[in-house]
Structure formats: C-alpha cells, structure tokens
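> The chain contents come next:
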Amino acid sequence: MKSESVSELWRFRELLYFLAWRDVKVRYKQAALGVAWAIIQPLFTMFIFTLFFGRLAGVPSDGIPYPLFSLCALVPWTYFSGTLSQAGNSLISNSNLITKVYFPRALLPAASALGGMPDFLVGSGVLVVMMFYYRVKPSWSLLLAPLFVFGMMVLVFGMSMLLAAMNVRYRDVKYAIPFLIQIWLFVTPIIYPSTFLPKRFQQILALNPMAGIVEGFRSCLFPNRPMDLTLVGTSAAVTLVVLVVGALYFRKTERTFADII
Amino acid sequence: MPISFEEESRTAGAPRKSPMKDAIIVDNLSKKFELGALSHETMLRERLVTFFTGSFLKRAAKKEILWALKNVSFQIGEREVVGIIGRNGAGKSTLLKVLSKITYPTSGRVQVRGRVASLLEVGTGFHEELTGRENIYLNGSILGMKKREVEAKLDAIVEFAGVERFVDTPIKRFSSGMRLRLGFAVAAHLDPDILIIDEVLAVGDAGFQKKCLNAMEDLRSGGRTVLFVSHNMAAVENLCTRAIWIDDGKIHQDGPAHEVIESYMATFASSQQATTDLTQVESRRGSGEIRYTGFEFLSKDGQPLAMMRSGESVTFRFHYHAKESVRYPFFGLRLFTELGTLITETGTWHHGIAIPEIPPGEGYIDLEIDSLNLMPARYLLTVGISGEGFHLYDNLDHCARLDVEDANIYSSGRNLSGHYGIMFFPQRWRLRGIPSITHQG
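Same order as they appear, the protein sequences are chains X and F.
Counting in the numbering used here, the first sequence runs from 14 upward without gaps.
Counting in the numbering used here, the second sequence runs from 417 upward without gaps.
Only chain X is shown next, with the shape it has when bound in the complex:
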C-alpha cells in the first residue's frame, strides 16, 4: 500500500474505532445471552470435537489433553471464521455508507477484523481457565502469543479485503465464504496436530497460513511443544502475500465501489 493511504487510515482511526464498536454493540444488543456466546461457541465445539475426534476416532494430540489441545486452536479459529464471514460481507452490508459518505473503504474490513477482538479475548480467558484446570505451567514462550494473534488479524484483514472487494462485483462470494470456511477448518490442524500428517502433506499444509498460526499459538502455550519454524515461517510469508494481494486488489477496485454496489 502507498504511504498516503496508510496515513489516511491513521487520520480516520476514530471512525475505525466507532465502526468496530458499532459491530460489537449491535452483535450483542438483542442476544439474550450476550457476551456468553463468545464462551459457549468455542467451549461447545470443544466438547463435540473431544467426544467425536478425541474419544471415538482416537485422533492423537501429542500428549496434551485433547480438550485443551482442540480448544487452544478453536479460540483463534472461532475468531478467524467468524470475522472472515462478517468482514467478507462488510462492504455490501454497509452499502448505504459507501454511496453516501467518503472514508477510506478499507476501514470496513478493518473494523470487522478489530470488532472480533473482544470475543477473542473472552475466548482466551476461557482458555486460561482451562489451562489452570489442567495445571499446564506456561513458560516464557507465552509472550510470543500476541505475535500470532497479530498475524491472524493481518491474515483476516488481507483475506477480507480481497473477498469483500470481490463481493461487491460478484455476489457469489457471499455464498462461497461459508463453504470456504468449512473446508478451511479441515485443512487446518485444529482437530489433529500437524505431525499427524505424512511429511509430504505437512509441507503443503504450511501453505495454509492458518496452519502456522494455530500451531504456533499452540507452541506458545505448551512449553514442551517445539515451534515448527518452517511451518511458521511459510505461513508468515503466505500471510504477507495475502495482505499485499488483498490490498492491491482492493485499491484497484475501490474506486468503483460506489458505482456498482
């Protein structure tokens, strides 16, 4: 991205905050359980996964209790999938703003990426409680976790710039996103550890940027789990590519948003 558009994003930071704040507020305004959903969602999925994959299918979890193993991947995954589906529609669902006011359009996917954070933090709280319960002692590597969270936000931002911009022109994207997320869940080491796959497939898996983020996040939390630097490095590179491609496509198309939305 050019420096002028970055500085413009900075000038509009308050609007970014308000748009993210609106998304969060509206999400829980009418839900009776409110923020509890941020706890229920990953926790319930964890129970299901533990029952079916951990117990019945006997998927290995590298010595970590399976519930904890899956939950520490489910918390970032819940953020990723929830935010991506919302951010992918962020332009078309705000068409009234796009046709009536000027602001850097990238604020909309960015606000969605930011608006998913409170839920992620609540989910992380659940994760911390679970770690206490299983008496996992964290090490210094825990301090690296925010790096992976940041990487995840960058990935969501890049992906959603691409998807949201395509969505303006091709409404098919709206239907493709849930499908995409469903497939993506299975090619990400959430249910299984990346070591579960043959070496050959592990290399292909690394091209999925969520693989490095999820496994990296896991390694930060569990001291005895070595960080797979090749996996993490590849994922970081792919994330960067996604960001650049997303930003370029967005920049190329954003001038026509108001005309065709």
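Hints were generated in silico from the structure; no laboratory data involved.
Some hints here could point you the wrong way.
As the list claims (entries may be wrong) - Straight-line C-alpha distance at most 30 angstroms; calculated DSS-like pairs for lysine-lysine: (1) K42/X to K569/F; (2) K265/X to K517/F; (3) K38/X to K588/F; (4) K113/X to K437/F; (5) K588/F to K187/X; (6) K716/F to K113/X; (7) K187/X to K517/F; (8) K113/X to K486/F; (9) K626/F to K569/F; (10) K113/X to K666/F; (11) K448/F to K187/X; (12) K563/F to K38/X; (13) K42/X to K562/F; (14) K113/X to K626/F; (15) K113/X to K448/F; (16) K569/F to K627/F; (17) K563/F to K42/X; (18) K38/X to K569/F; (19) K562/F to K588/F; (20) K562/F to K38/X; (21) K42/X to K113/X; (22) K113/X to K569/F; (23) K448/F to K265/X; (24) K627/F to K563/F; (25) K627/F to K588/F; (26) K38/X to K517/F; (27) K626/F to K265/X; (28) K563/F to K113/X; (29) K113/X to K627/F; (30) K739/F to K113/X; (31) K42/X to K588/F; (32) K517/F to K113/X; (33) K486/F to K265/X.
To be verified - Computed footprint of chain X on chain F; a stretch qualifies when at least three of its residues, placed anywhere within it, have a C-beta under 8 angstroms from a C-beta of chain X: (34) 507-517; (35) 559-566; (36) 597-607; (37) 652-662.
Small disclaimer: the values here were computed from a predicted structure and weren't measured.
Using N, Cα and C, we set each Cβ at its ideal position, and we do this for glycine too.
Could you slot chain F onto chain X? The hints should help.
For chain F alone, coordinates are given in the frame of chain X:
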C-alpha cells in the same frame, strides 16, 4: 488525463484563508457509467461463461454508456454559497458525489481545499438497534467529527433535535420525524469549511424545513462555502448568490442565482394551453404500464380554458392510455408555485377511491374544482399514477403550466395580484356596528 484529489486539512484553530481563494476547482470533469456492463457481469458464473466461450460472445453483451457529467468546469470561491439546479437525472447528484470523493471521475480534475462535510442524506449510518446517543456518536464520526467534538456538542445536538427524553432509547422506536431531526441536528453541528448538501430540505414538515433553512442561514453567515442541490427554487434564491444549472451532464448556465433560476423556470411548459399533449414528454419516470397522454383545462360547461381566473370553477381532465390491464391505480397531481414550493397534493388515493381495474386502452378522469382559490400567478403541475405498494407507473414533473390571471376576487373591483400571497379563502369581514363604506366594483 490525470485524476487527483488534493486536500488540505485545517486544524480547528487556524485562521480561515482569504476570501479570494478558490475552495473548489473543477476542471474538465467527466463521469461515465456503463449501464449494460453491470447487470451482465455481476454473477461470477456469467463472467466464467464469457471467459470460456471466448471474446466473440463477449462483444454481444452491448454496453450502454451514459455520460452523467461531461466536461464540467467551474470554480467556487471561499465563502460562496452556490445552488445547483436542474431536472432529475441531469447529473447534479453525480457531481456532488464526485466532489465528496464518493465516486471517482472518469476524467478531469477536482481540487478541494479545506475540511469537507457532505450531507447527501440525513442520518447516514444510523443503526436501528443503537440508542439515540450512540447514533449521535456514530453518525458524527461518519460525518468527520472527532469524538471530543461530539462529546462537547452532545447536549446541544440533543436539544436541537428535541429528543431529550429518548436519548437512551434505540432509534428503531423513533418516529421518522424524530430520526430526521436527530440526523439534521448532528449535521447542523458540523464545523466544516465546505458543506455539500443534496436535497436534504425536501423532507420533513414545514416547521422542520424552516429550522433547516435557519441552520443553513447560520452556516452561510458563519463564512462557509456551501454547495446546495435543490428543487426548491425559493430556497435556492433565498440562500444562494450564485446558481449553476446542470442539464444533461453539462453546465447550461452559471451566474447570479435569480437570473439562472429565471431562465431555468422558463423552460418548463412554455405556456399554458387548454390542452397539453403529454405523449412526447421524455423526462418521465415510472414503469409505464399506464401513462398520461394528455391534459385539459375545462370550464364548468366543458369548454376548453386557455386562461383562468382566481375563484373560478374549473375541471382538470387527465387522459391516459393503458397498455395492459392495470389493477388498483391511483391518479394524482401536485400543484407547485413557480419557485417549486408544493402548494397541494391531491389524488384518488387521498379521497379513498379504489379503482379495481383499468382495462387496456384509452380513457380519462376528471378532477372538478369548485373554486380555484389561487392568487394570480403562474403555477406548475406535476402528475403521476401510482399503484399498490408505492409502485410508480408514470410521473411527469412540472409538465403543465397553470396561469391564473388577475381577478376580482372579493368583488371589490380591486385587481389583486400575486403580491398578496399564493392563495385565498372564501371569506367576509364583519364590522359590528362600526360605520364603513364598502368599495364595490
């Protein structure tokens, strides 16, 4: 041709620049829309089909090109208040959108100096689930206010809108009037150098419109540059020193407001005729299953009237043609002053008349007016046919002119003219016991 937007943001405390500088420079601006292209490629599937079937088929999807703006150039000085007028679809809104950076020009250059606030709609970004207070923050932020600014002005905004009791109620419980007032209240507290407004005043009741006009008056005296699109010629004439008339994407006339308005108004229905043919009118809206074909002014005994007098009885006859059978249509008309102020709207809907079906073919309906209580002046008529659920079959803005001549309204022999108002009521004065002499004409 290079396209560039240059913008200098001004900090709140900095002095305003000298009045001689241009706030807005528009240089050879054009904007093209490709109408056909959009509907043809919006689905990925079709895009893929065109990709695989090769380019010879791609050519078949003919693109219809519309130039919404063509080679428009003008400068607007600081603190100038300029009205933009023109018919529907002339390109006024597109111009405002380009100036507000919402849409981009196909070619040409736009240069804007200062903090811009554009109000193309009242209450942009309001969210139903959020409370009045929350929406003030959101809307203010969307219009470019800082959080601290909103905080400082919150009480004033709430008071202006008159919604004190409902600040913490979700706005889905607000009436449309309250919503409108809230939206305008936020807008009225903006502090931009340049304000761009699109027909905001066309909505709301008379009291609210007055409040809006006052607020605009304040903005003007506050030394801001204002660009203002409206169909209300009276408002444009009152507020603006200069007007730009846009027609068919080009500047038709640019000059002192009253001159431009005068020549603009002169193009409407050149003179009143007893019968007006509406079949050739192109600037009409609506789906067209049923359309007006003509219009007649008739006297009480059915004779064509080329001219009418205040207080006369008159019949308006609307001729229509239905292409197919039309169910439950509503016929209506609106009467405007020459400056575009709505005097009255009436129609079969207003009278609670339901017409189950109009068979295909020609026909007419009459509106009989017992006494035309209009003061002598020139008036404009807009006619329309609508259907259930706000469906519009046909609409012709300002398609006929109505000239009301001087008349002996109160039988006083005094020829009262338009100086004495727009309309009159059948009336009498009672002087109980006070000696008087009545001038009888």
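> Checked against the structure, which of the hints given earlier come out wrong?
Per hint list: 6, 27, 30, 36 and 37 violated.
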